[in-house]
Each structure stands twice: as C-alpha cells, then as structure tokens.
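Chemist: Below are the chains, spelled out letter by letter.
There are 2 protein chains.
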Amino acid sequence: MKNLDQLKAVTFDVFGTVVDWRNSIAREMNLIGDKKEFSIDGAEFASAWRSLYQPSMSKVRSGEMPFERLDVLHRRNLDTVLEQYGINQLSELEKVHLNQAWHRLEPWPDVVEGLVRLKERYIIGTLSNGNVSLIVNMAKYSGLPWDVVLGAEIAGHYKPCPEAYHGSAKILDLAPHQCMLVAAHNADLLAASECGFRTAFVARPTEYGPDQTTDLSADHEFDVVASDFVDLAWRLQA
Amino acid sequence: MKNLDQLKAVTFDVFGTVVDWRNSIAREMNLIGDKKEFSIDGAEFASAWRSLYQPSMSKVRSGEMPFERLDVLHRRNLDTVLEQYGINQLSELEKVHLNQAWHRLEPWPDVVEGLVRLKERYIIGTLSNGNVSLIVNMAKYSGLPWDVVLGAEIAGHYKPCPEAYHGSAKILDLAPHQCMLVAAHNADLLAASECGFRTAFVARPTEYGPDQTTDLSADHEFDVVASDFVDLAWRLQA
Chain A
1 MKNLDQLKAV TFDVFGTVVD WRNSIAREMN LIGDKKEFSI DGAEFASAWR
51 SLYQPSMSKV RSGEMPFERL DVLHRRNLDT VLEQYGINQL SELEKVHLNQ
101 AWHRLEPWPD VVEGLVRLKE RYIIGTLSNG NVSLIVNMAK YSGLPWDVVL
151 GAEIAGHYKP CPEAYHGSAK ILDLAPHQCM LVAAHNADLL AASECGFRTA
201 FVARPTEYGP DQTTDLSADH EFDVVASDFV DLAWRLQA
Chain B
1001 MKNLDQLKAV TFDVFGTVVD WRNSIAREMN LIGDKKEFSI DGAEFASAWR
1051 SLYQPSMSKV RSGEMPFERL DVLHRRNLDT VLEQYGINQL SELEKVHLNQ
1101 AWHRLEPWPD VVEGLVRLKE RYIIGTLSNG NVSLIVNMAK YSGLPWDVVL
1151 GAEIAGHYKP CPEAYHGSAK ILDLAPHQCM LVAAHNADLL AASECGFRTA
1201 FVARPTEYGP DQTTDLSADH EFDVVASDFV DLAWRLQA
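Chains as they are written, first to last, in this note's numbering: chain A, 1 to 238; chain B, 1001 to 1238.
The set of hints was computed from the structure by calculation and includes no laboratory data.
Cβ atoms here follow ideal geometry from the backbone N, Cα and C, with glycine treated the same way.
No incorrect hints appear here.
List of simulated lysine to any residue pairs, SDA-like, C-alpha gap at most 20 Å:
#1 B:1140 - A:175
#2 A:119 - B:1142
#3 B:1140 - A:113
#4 B:1008 - A:71
#5 B:1119 - A:145
#6 B:1008 - B:1117
#7 A:170 - B:1067
#8 B:1119 - A:116
#9 A:140 - B:1174
#10 A:140 - B:1121
#11 B:1119 - A:112
#12 A:170 - B:1156
#13 A:140 - B:1119
#14 B:1140 - A:116
#15 A:35 - A:82
#16 A:140 - B:1145
#17 B:1140 - A:145
#18 B:1008 - A:104
Sample of chain A residues facing chain B (criterion: CB under 8 Å; computed from the structure):
#19 123
#20 133
#21 139
#22 140
#23 147
#24 148
#25 149
#26 153
#27 154
#28 171
#29 172
#30 173
Work out the full structure: start from the sequences and follow the hints.
Modeler: Structural data, given as structure tokens:
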C-alpha cells in the first residue's frame, strides 16, 4: 500500500459502486409492466439496457461520435431495448420519465453512513460517466452528500480515458496522488492507477444479479480493499 | 414578480453575497502584519487587492488573455498589491498561503441556515467567478452545503458574460427560467435576467466597508428582494 498521507480527495465511481442500478431500474420497469399490463422481467430488462452502455460510449471514446451526455446515450439505448422487447405502449413523456430512472437509483445500504464519515476528513466527489444533472438529481433523491460533482461531462471524456481522471484532479487543483478513486470495477481502478490516482476496491458482488462472475474481488494491487463504504472510512481514518 | 412555480435550482454569487471577503482577508492580513512586525490596515489591503479583480477578468472577457482560473488572477493581483504596499517580507510559501485566504472566507451569519432550508426544496449551487477548488475548499471550511459547484471555470467564461449563466443552466439540464441567481450585486443580476434567469437581490451593505455607496438596494425589478438568506428561503417557500 502506498502512503496515503497526502490524500485530499476521495472520488467515486457511481453506477454499481454507490448505487444499485439493476434493482432500482427493475423496480421501475416492473411497475410500468403492472400499470400497462404487459409481462416483463424488470431485472432482465435493466441488464439488457445496461449492456448497451459500454458500446454506446465506445463510439465517443474512439472519436467516431462527439461527446454527448449520458442521458442522451441512455435514451438512445432505451429506444433500442424497448424495440428489442417489443414494448410500444409508452408515450414520449413516459419514455422521458423512464430514462430518468437513472436519476433515481438507490444507494447500497452502507453508502450514506460511509460518505458522511469520509466527508469529515476528505473532499468527496463523484468521478462518474453520469452527467452532472443525473448525479445531482440522484444525490437529492438518495441523500448523497457530495462536495463536488466531477467526471465525464466536466472532463469532456468518458472513463476509462485518462483525460477523465486527469481532468478531475486538475479541476480540484490536486496532484493525482492526492486523489483516490473508489470503484467496484477492476478496469476503472486500473485506469485511474495508471493516471497516478490512489485506488480503493469495494466489491459489489450482486451488481449484475445473483450470477455475477466478474469483479467479485480485486484482481490487482490496489491501495485499499474494503468490504463496504463504512469499512473504507475506517481504513482511511475518517 | 414572475411565476416561480417552475424554479428548480437556486444558484448563488459567492464573493460578497455568501461570504464576507473583506473582513476575512483583513483578519488574515492583520495577523501577518503582527507576525512579521509591519504596520498594515488589513481592511484597506483587502479592498486594494479586490480592486484589481474586475480589471484582471476584463482581459479574459475581452479575449486579450485566455481563460485562467481565479486563483491565478488573485495571485498576480497579490504580487501587484504587495509591491504597492512595499511588503517584501513574505516567503513564496507565505504568499501561496495568503493567496489561499480566498478559500477561507467566512459566510455572513444568515447564510448557512438559509442554505440548509433552500436545499430541502431546490438544487442549490454556486454560480461564481471563483474556481472550483476555491469554492470546494471554502465550502469545507465554512460548512456551505452546496449540491453542485458551477460557474466561470465550468463554463469557461467569467460573469457577466452570458455564457457563464447559460453554461450553468445547460449543465443542470434546465431552462434558464428554472434557475435563479441570488446576488448582492445589481449588475450580476441584470446580466442573469437578460439570460432568462429568475433573480433575487440580497443587500450586503457593508461588503465594501462602512462607507459603501453602491448596491445598497435593488435598482431593477428583480423577482425577489430579500433581507437575508433566511428571508429568501421563506419567500421561496423552502
């Protein structure tokens, strides 16, 4: 473990690490199915929608498409997955509302307590691919006490592009080694580490449901491996 | 008064409106004078330093200089004013620390209570010319519970350029009429109003000291005129 004496800011991946997107989206989708009287497995629908997330950002990362906020990518992906499922009962307003389900994701149970403790000692911020309005609305909805909302939209680049991490440290006027990324995803942490960030892995073994096979444990030498955010606060002496 | 039913975000000018920069800087400067054994009127020094603020931004606004964060402009202005006062007893580290006095400004006494109440109903954010790290450090220092830090550095333009207001609304994914600017300065509010923002004037009649002659009252038809932030929260039904 590297020396963490100079750590000033603890930044967080959000989808999966802070919030349980799958169960949150599933709940909203199941309610829609009940209301509109069609049969749907909300959790499966959530996974199908989420599966289009990485491919849609790839086109931005490669330069094939200009930067667009995640809300726009989510909406394009929603239209695709609704068509895949043959769901054509939703009005435009209902689709707008459903797309904003990503603004209403519920945190894992340890999150708020851990963040409140970490906030006493560190700057706590988001370093997410979610756009600013999505993250701000989610914070209001779920009581997440961020000091600052950073990430892809501010940096103009999606993770794991190095610009996303470097841009976040730069706007805080901190060196990368004064910043930590907390994530449940090995690839995100590895990219942050290559930019000089300190790293903390927190496993979320049911993010993708009961049969998850990836990111069950830390595959690299991260600075901290914590069981949840309360344990993370304790390990960071907050 | 325009209809405020659609108001979602209340954004704030910071220097003078939220924090008492003059007395905060004066206190730090007086302490430095005591320690270094030179005679100084801290409040007068604060005003002299602040007087270089608008001219330094003008060069950025006109395009004569590229955008630079306010910390950089403050430092350049500090070097000028130290020279004007013939103060040459400060080490580089001491000058860096003094420049960061802008990160340690104290709020007016009504601010925290008013913000806590407003935060329950609205997104509350900064729309300041201060850079993100300055505003984040100030919030940590003074307990200001912002939901989001916006303004000049995020928009890439200093107020009162329209881009500063439009950029802040855009990143919140809100229309200008869903946003309000709160300020103690008529010119700032007028510029925001011309961009479609709702406006609230809160007088800070001693911002520039006991002999202040400007911005003592609202010179235009702003949507709200409040005596302080607690009164503002009440008027906005928060």
